[in-house]
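Full structure from sequences and hints, please.
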Amino acid sequence: MTTDLPDLARAIEAQVMATEGVAGLYPPHSALRTILEAGRARTVAATDGEGLVGLREEAGTLVVHIRFAGLSEYPGPALVRRVATAVRHALGDRAEGAEVRVQLCAFMAGADLPDVAGTPGAGGVAGPPGQD
Amino acid sequence: MSEDDTRGVGDHSPADDCGHSIDELADYLATGSSPYEGHYRQCPQCQSGLASLRSLGDLTRSLAEDDARIAAESDGWLQDILSNLRLETRAGRSIPVASDDPDDGLSETEGAVVALIRRTGDGIDGVTIGKCRLHGDITEPGAQTRVELSVTALHGYRLPTLVDALRSAVAEALTTHTELDLQGVDITVTDLFGTDGAGEDQP
Numbered sequence: 001m002t003t004d005l006p007d008l009a010r011a012i013e014a015q016v017m018a019t020e021g022v023a024g025l026y027p028p029h030s031a032l033r034t035i036l037e038a039g040r041a042r043t044v045a046a047t048d049g050e051g052l053v054g055l056r057e058e059a060g061t062l063v064v065h066i067r068f069a070g071l072s073e074y075p076g077p078a079l080v081r082r083v084a085t086a087v088r089h090a091l092g093d094r095a096e097g098a099e100v101r102v103q104l105c106a107f108m109a110g111a112d113l114p115d116v117a118g119t120p121g122a123g124g125v126a127g128p129p130g131q132d
Numbered sequence: 001m002s003e004d005d006t007r008g009v010g011d012h013s014p015a016d017d018c019g020h021s022i023d024e025l026a027d028y029l030a031t032g033s034s035p036y037e038g039h040y041r042q043c044p045q046c047q048s049g050l051a052s053l054r055s056l057g058d059l060t061r062s063l064a065e066d067d068a069r070i071a072a073e074s075d076g077w078l079q080d081i082l083s084n085l086r087l088e089t090r091a092g093r094s095i096p097v098a099s100d101d102p103d104d105g106l107s108e109t110e111g112a113v114v115a116l117i118r119r120t121g122d123g124i125d126g127v128t129i130g131k132c133r134l135h136g137d138i139t140e141p142g143a144q145t146r147v148e149l150s151v152t153a154l155h156g157y158r159l160p161t162l163v164d165a166l167r168s169a170v171a172e173a174l175t176t177h178t179e180l181d182l183q184g185v186d187i188t189v190t191d192l193f194g195t196d197g198a199g200e201d202q203p
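As they're listed, the protein sequences go chains R and G. Counting with this note's numbering, you get residues 1 to 132 for the letters of the first sequence. Counting with this note's numbering, you get residues 1 to 203 for the letters of the second sequence.
Do not take every clue at face value.
Unchecked claim - Facing chain G, from chain R, some residues (calculated, C-beta under 7 Å):
no.	residue
1	Q15
2	M17
3	Y26
4	P27
5	P75
6	G76
7	P77
8	A84
9	L91
10	D93
11	V100
12	R101
13	L104
14	C105
15	A106
16	F107
Claimed, not checked - Quick list of simulated restraints, FRET-style, between CB atoms:
no.	chain 1	residue 1	chain 2	residue 2	range
17	G	Q144	R	E57	36 to 44 Å
18	R	A59	G	P160	53 to 61 Å
19	R	G92	G	D27	43 to 51 Å
20	R	E20	G	P141	23 to 31 Å
21	R	H89	G	D164	39 to 47 Å
22	G	R133	R	A78	21 to 29 Å
23	R	E57	G	G38	27 to 35 Å
24	R	E58	G	T175	21 to 29 Å
25	G	A171	R	A78	36 to 44 Å
Hints listed in this document are in silico derivations from the structure and should not be mistaken for laboratory results. Just so we're clear, the structure is a prediction, and the values are computed from it rather than from any experiment. Positions of the beta carbon are idealized from the N, C-alpha and C atoms, including for glycine.
As structure tokens, then:
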């Protein structure tokens, strides 16, 4: 049941990135958080650390964790809900009972876009701020 | 919900603070390189800090050289702003967002909202935000919230007009981008700088 998680994570990432108003995705946890959680035995499967979508199964419940940057032209709350809807769409028949955690971590203006990992058209992780 | 519950909204805050200091970010901006460059590219708190430092750099360059020197030496103006940046470039608390599905946990970071307010204020000619705080239990849905701002104004601008414009812009940003119940925007002009009035404190 858990072997398809990486594929599912990629599908979610694509769906979220295609959502209007999304500027980019951040890794699901900070490096510190990842280290702190590394030893948690109850996590039976996870894609955290492998991509920009946190996806894990805990006690039979699928948990999705998204951290993203939104364009400031789009009202934040509606955008967060749109991303959650996109995640559930990507989950398909696995959306039932799944827990979807979505957090807007930054508001970006157009000029900020190159700083965001996963920015559409930027080819994934972009160059350092102010250094392009 | 216990702090140990990895599935709760508490997932996001405050443990997501990355631990990199504003001084490290300043070094990165100054040198263009850092062993943590890869992290800076992917961390919203660090990107927010870098954006604020760049904005501050723009301001100091816009002031006459003597003004900046007086400001830095006389009253710690620059240090005050940097101290506030240190506090504010954190993920901070999680601000809840109403969800359509009861199994969803939706939120915005306090750091994102503070950075938005700061950018909104800095976008108004003649104003630089020194301190920005959100007061209220913003971890509760629809919490009554007040915004506290301290600002530096450039000499030559009419202060009441400047403050009104700032208050309106910040209120619009907060009500557009959060579901908090905004009770007011409290603004204090703490410094007044400019060619003719360098280093003057606003009474």
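Mind listing which of the numbered hints don't hold for this structure, in increasing order?
-> Result: hints 1, 2, 9, 10, 24 and 25 break, sorted rising.
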